[in-house]
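A.B. asks: Chain B: place on chain A using the hints.
Residue numbers (the working numbering), protein chains in the order written: chain A, 1 to 518; chain B, 519 to 1018.
No lab work stands behind these hints, which were simulated from the structure alone. Predicted model only: the values in this text are computed from it and were never measured. Check each hint, because a few of them may be wrong.
Straight-line C-alpha distance at most 20 Å; calculated SDA-like pairs for lysine to any residue [stated by the list, open to error]:
#: 1; chain 1: B; residue 1: Lys1003; chain 2: A; residue 2: Val175
#: 2; chain 1: B; residue 1: Lys644; chain 2: A; residue 2: His7
#: 3; chain 1: B; residue 1: Lys656; chain 2: A; residue 2: Asp266
#: 4; chain 1: B; residue 1: Lys656; chain 2: A; residue 2: Gly159
#: 5; chain 1: B; residue 1: Lys856; chain 2: A; residue 2: His7
#: 6; chain 1: B; residue 1: Lys700; chain 2: A; residue 2: Asp266
#: 7; chain 1: B; residue 1: Lys548; chain 2: A; residue 2: Asp36
#: 8; chain 1: A; residue 1: Lys245; chain 2: A; residue 2: Thr339
Computed spacing ranges between beta-carbons, pair by pair [what the hints assert, rightly or not]:
#: 9; chain 1: B; residue 1: Ala1004; chain 2: A; residue 2: Glu60; range: 26 to 36 Å
#: 10; chain 1: B; residue 1: Asp547; chain 2: A; residue 2: Glu60; range: 31 to 41 Å
#: 11; chain 1: B; residue 1: Val647; chain 2: A; residue 2: His178; range: 33 to 43 Å
#: 12; chain 1: A; residue 1: Glu330; chain 2: B; residue 2: Lys1003; range: 23 to 33 Å
We put the beta carbon where it would ideally sit given N, CA and C, even for glycine.
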Amino acid sequence: MAQNAEHVLDHVELFRGPEYQQMLANKKKMFENARDPAEVERIREWSKTPEYREKNFAREALTINPAKACQPLGAVFASVGFEGTLPFVHGSQGCVAYYRSHLSRHFKEPSSCVSSSMTEDAAVFGGLNNMADGLANSYNMYKPKMIAVSTTCMAEVIGDDLNAFIKTSKERGSVPQHFDVPFAHTPAFVGSHITGYDNALKGILEHFWDGKAGTAPKLDRTPNEKINFIGGFDGFTVGNTREIKRIFDLMDVQYTILADNSDVFDTPTDGEFRMYDGGTTLEDAANAVHAKATLSAQQWCTEKTLAFIAGHGQEVLAFNHPVGVSATDELLMALSRITGKEIPEALARERGRLVDAMADSSAHIHGKKFAIYGDPDLCYGLTAFLLELGAEPVHVLSTNGNKAWHDKMQALFASSPFGQNCHAYPGRDLWHMRSLLFTEPVDFLIGNTHGKYLERDTGTPLIRIGFPIFDRHHHHRSPVWGYQGGMNVLVKILDKIFDEIDKKTSVAGTDYSFDIIR
Amino acid sequence: MSFATTESIEEIKARNKELIQEVLTVYPDKTAKRRAKHLNVHEAGKADCGVKSNLKSIPGVMTIRGCAYAGSKGVVWGPIKDMIHISHGPVGCGQYSWGSRRNYYAGTTGIDTFVTLQFTSDFQEKDIVFGGDKKLVKLIDELQELFPLNNGITIQSECPIGLIGDDIEAVSKAKSKEYGGKTIVPVRCEGFRGVSQSLGHHIANDAVRDWVFDRLTPEKSSRFEPTPYDVAIIGDYNIGGDAWSSRILLEEMGLRVIAQWSGDGSLAELEATPKAKLNILHCYRSMNYISRHMEEKFGIPWCEYNFFGPTKIAESLRRIAGYFDDRIKEGAERVIAKYQPLVDAVVAKYRPRLEGKTVMLFVGGLRPRHVIGAYEDLGMEVVGTGYEFGHNDDYQRTAQHYVKDGTLIYDDVNGYEFERFVEKMQPDLVGSGIKEKYVFQKMGVPFRQMHSWDYSGPYHGYDGFPIFARDMDMAINSPVWRKTKAPWKAVAEPRLMAAE
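This is chain A alone, in the form it adopts within the complex (with noise of 0.2 Å):
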């Protein structure tokens, strides 16, 4: 017996000592009818061949271990962005226990969101009732200042009307007639979570600006000075909105964050549980209408959005998950163009240091051959800044990417001589991803918690950026977006470099190469 009240054994000793592994060893041999581990043996090093690469890439019906959820998700990300906000989706259940726990699990913090609970009745008769009585309860439970519909597959196959459903409820007194109950329709079988956030924040806009589903005028736009910004779906969203805030008060232009889920996910233990909090107000964002200019830090999270607000006669702008010297330059340029301000010397010098850091370490990582997987902007974001330290991001995967984020990827290798040997791959997950790093190995892959398999498959070492990581903490407090952004993520770049050289040269019998001063 290993185990003992002084030192007590979890999991990651327990089982790892020789009363366990006798157990397991003979449980596989008398019971599991386990393969033969020779066959085993040859089947892992033909998974690592050209020949099953090739199988794998011809797969038309199989998806494995894809770098995308389902269009709800966003949907729940973008609403709690919002003041006093209740998520609502409509369908089954499941899906909402879901979400909850998916959130909860990055961010380490409570994640609010009901659910219309519908069954077997409901997929047969349509969910109205449901509709009517969960708008009633949350309204009276939760006390929300606005609650914000979407749907699960479910509801989309039977075909449910969010916008007749919601005025049915109210005509039947589930919440006051004039209570913000914005929509969209969030169907899992198109798109992800990127296209459930686009819908989502598009259905609150246009609930505010286009007259409330019918039940108030049409606001009209008188511009202003303001501009709005909108992150999209983003695992950093504590960190990088607060830095986004940062940089246009130093700008000393007024803005709206669209959807600033910031403080939702990062409130604080101090005795009190806040459901909501903070979160742009509802006055501002209808607001929003007459602003000069949005900016979207996410070209592919926004794209209905963006469209709908340049509708309403706005400059739209869209960067790709800005990382990085020049993605930041660009950033601030535009605003500072669209706004008429000067970009203050403090940022000039945030972003003199992060050019100074990247001078001082670009001898470890020029060179250094990479693979990222992740939503499509996020992708594009690191590889440009991949590009800027020297670096070569050989394989840029992205299972929620399309053929126009390919060719803009694509586009982007082809202005760096360090991206001419480098594709990206839309529509293709980490199964993919596995055969790549086998054929074609690099030295680091980028990528969420679920890299961590391809870690110990490959032996490629593992940077978490992406969404979601489970399995270390804290990191979506800090900022990846502007100057100092930058510099968060070429810390972590270097750390796992230098991690790495250390891994490899610590070396019982030997003193070389195990450097004290790099």
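C.D. replies: Quick look at chain B alone, frame taken from chain A:
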């Protein structure tokens, strides 16, 4: 501090009843009537807890429950390690349930075992419009080509499958035939079926019956010689290694474990189970169905057991031994004696730190009752408990064997109710799930996730008990809870902004 130690039982009951009434005032009338049936104060001597259960959740209340898919793919089938489980439908369900249950297993992932991979048909609009059967056919071919060492396939239906009229049974039969009788199991666990995870368990159990047991061949079921001491562990998902720290005790007492359902389990183990002399059932809720079926069809008796905390472990070892001869009965006594010094040391170390502390639970499956004994072994008291997806037979077991007079009972509790109850009852610890964890920690209440063991474990068996004790101690006695109030601010009671 807990009121439970400072008030009489009658005062506690009155207070809890008042609390229920208070909570119900928030609801519209119709909802209040429905919820009232799920909340109660336990009366000692009653046959059940006096609550309705296994009924539909009410829309919009923030139920904690999941769905049938979660019950089948997430709980019952997902841990079978040498089969590939396809999340059939849109991408989300498989994505959110990917690797989150911590069903540990040994094997080469992606080659001969597959639990922590996310296989999905990633339905697109055209699959909804034209049906997904053709895609499923092709998908199975692709699986066979890329994962030749898989021992079987299950098709875990997501909501759209049942709504668009796909015939996954026909596809399964045809592909099984094509691949020489390969086990391919269609599971109709669409998320809209039933009221919670629970129906998914039942559907998954039935799928084992229909697509594994009913298709057994002599070759599949005779891979080893039976002995009189063969048992199967049923309803242990090996979360954090629970089934392993259970198995080791059963083997030490002289039994032979021929199958684990389903943590670290394999298809061969499922197929061999009809040869067991006794099925021992941990999670009654999720696997009583197949246990009853094996009793009827194969004449295998089953007995429930509880491996949380030394009192229940010893009781359970003796109960299991009662089905066997003296050799096993002596084995049970030997095991209990062997671990007694460990138990004594754990209790000596942790009980003084935990004595008198109160706990409120809200979990699924067996845990709302099963863990109570372990807390009591450490001198703690469970003052409130409830089931996410229990049935009346769960509440009967709870009432008859576990909870004390006056315990607050809340079935299918929702966010609002749970927060209110905790705010008013001020327990020293809440044990529930990830969705609840941060809510209560923000309120300054120590918390342990009791689904995933908060990334710790195992908690089962004698090796698990010290880990359980350590974890409860570190949750309750963490110095961080003394820092929740800024010293320049007046001390305030925890409160809920949302509900004010």
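A.B. asks: All the hints need checking, so say for each whether the structure fits it.
C.D. replies: A quick look at each hint next to the structure:
1. Lys1003(B) <-> Val175(A): violated (37 Å)
2. Lys644(B) <-> His7(A): violated (57 Å)
3. Lys656(B) <-> Asp266(A): violated (45 Å)
4. Lys656(B) <-> Gly159(A): violated (28 Å)
5. Lys856(B) <-> His7(A): The hint holds at about 18 Å.
6. Lys700(B) <-> Asp266(A): Not OK: Lys700(B) and Asp266(A) at ~50 Å, beyond 20 Å, violated.
7. Lys548(B) <-> Asp36(A): violated (61 Å)
8. Lys245(A) <-> Thr339(A): holds (15 Å)
9. Ala1004(B) <-> Glu60(A): 26 to 36 Å: Cβ of Ala1004(B) to Cβ of Glu60(A): about 59 Å, so the range 26 to 36 Å is violated.
10. Asp547(B) <-> Glu60(A): 31 to 41 Å: violated (54 Å)
11. Val647(B) <-> His178(A): 33 to 43 Å: Roughly 38 Å apart at Cβ, these two residues keep to the hinted range, so it holds.
12. Glu330(A) <-> Lys1003(B): 23 to 33 Å: violated (45 Å)
Of the numbered hints stated above, those contradicted by the structure are hints 1, 2, 3, 4, 6, 7, 9, 10 and 12, listed in ascending order.
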